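A.B. asks: Sequence order for the protein chains is S and P.
Take the first sequence: its position 81, counted from the start at 1, is 81 in the working numbering, and no numbers get skipped.
Take the second sequence: its position 98, counted from the start at 1, is 1098 in the working numbering, and no numbers get skipped.
It should be emphasised that the hints constitute simulated quantities derived from the structure, not laboratory data.
Only a predicted model underlies this, so the values are computations on that prediction, with no experimental measurement involved.
The reader is advised that the hints may include incorrect statements.
Unchecked claim - If you only want the chain P side, here are some residues facing chain S, beta carbon under 7 Å, derived: (1) Tyr1039; (2) Lys1049; (3) Ser1052; (4) Ala1086; (5) Phe1090; (6) Ser1094; (7) Gly1104; (8) Arg1108.
Backbone N, C-alpha and C fix where the C-beta goes; we use that ideal spot for every residue, glycine too.
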Amino acid sequence: DAGVTQSPTHLIKTRGQQVTLRCSPKSGHDTVSWYQQALGQGPQFIFQYYEEEERQRGNFPDRFSGHQFPNYSSELNVNALLLGDSALYLCASSTLTGTGGRETQYFGPGTRLLVL
Amino acid sequence: AQSVTQLGSQVSVSEGALVLLRCNYSSSVPPYLFWYVQYPNQGLQLLLKYTSAATLVKGINGFEAEFKKSETSFHLTKPSAHMSDAAEYFCAVSEVGAQKLVFGQGTRLTINP
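Construct the entire structure; sequences and hints are all you get.
C.D. replies: Shown next as structure tokens:
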């Protein structure tokens, strides 16, 4: 049973560029959430997708956008990169059914983004 | 608004000793509570969760946590530390229906031989 997968594992960009990160949820999960984890901090919620729509959003600017595909995989796009966007980006998947519902989230290994 | 406070950014214990990592939460409605572990250069692994059933929750790798509503706490314990327990531990809260997780700042656990 494949867990949550993310690609790429590492990425280096320069300020002003755009980046796309990808996530495939755990088998049987239909909901994908994205988190940003800055160095030495806990993860911060960016947004959540299910049924191909953004359902919730954290305190992140519009430069952060996403998409969910019919197969439940998801992309996170960040435009006009800033130095402060350097972080580990974590994808988590969940499903409404089962104990803990969509709150019980399973994380992928993350994509480490460095903005120079 | 929900929030989580993890007391102690770093905790050091000897191998075989009790592990106690503290977590206090703030929530206006009954919460779900979680502990995750993060090994270096890896994602987060779910250790255990409280979803309004038994207040004492057992997780993987011998860890357990007790939900105490009166103290708004959800401390993580393990009777005997192993070297392999060295990692960063995160407590997280979610209000039922909120679906997003709010994390604490994390506690780095070091195990001394």
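A.B. asks: Against chain S, with CB atoms and a cut of 7 Å, does the hint on phenylalanine 1090/P hold up?
C.D. replies: 5 Å, holds
A.B. asks: Is the interface hint satisfied for glycine 1104/P? The criterion is a beta-carbon contact with chain S at less than 7 Å.
C.D. replies: Status holds, d = 6 Å.
A.B. asks: Under the criterion of a CB-CB separation shorter than 7 Å, is alanine 1086/P in contact with chain S as hinted?
C.D. replies: With a minimum Cβ separation of about 17 Å from chain S (threshold 7 Å), the hint on alanine 1086/P is violated.
A.B. asks: Holds or violated: arginine 1108/P as interface residue toward chain S, Cβ cutoff 7 Å?
C.D. replies: Arginine 1108/P check fails; min Cβ-Cβ to chain S is 9 Å, beyond 7 Å.
A.B. asks: Was the hint right that serine 1094/P lines chain S, CB cutoff 7 Å?
C.D. replies: Where the cut-off is 7 Å and the nearest Cβ of chain S is about 4 Å from serine 1094/P, the hint holds.
A.B. asks: Checking hints one by one. Is serine 1052/P an interface residue toward chain S, by the C-beta closer than 7 Å rule?
C.D. replies: Check failed: Cβ of serine 1052/P comes no nearer than 9 Å to chain S, outside 7 Å.
A.B. asks: Do the numbers back the hint for tyrosine 1039/P, that is, is its least Cβ distance to chain S under 7 Å?
C.D. replies: 10 Å, violated
A.B. asks: Checking hints one by one. Is lysine 1049/P an interface residue toward chain S, by the C-beta closer than 7 Å rule?
C.D. replies: The hint holds - lysine 1049/P has a Cβ within 7 Å of chain S, the shortest such distance being about 6 Å.
Checked against the numbered hints listed earlier, the structure breaks hints 1, 3, 4, 8; every other hint is satisfied.
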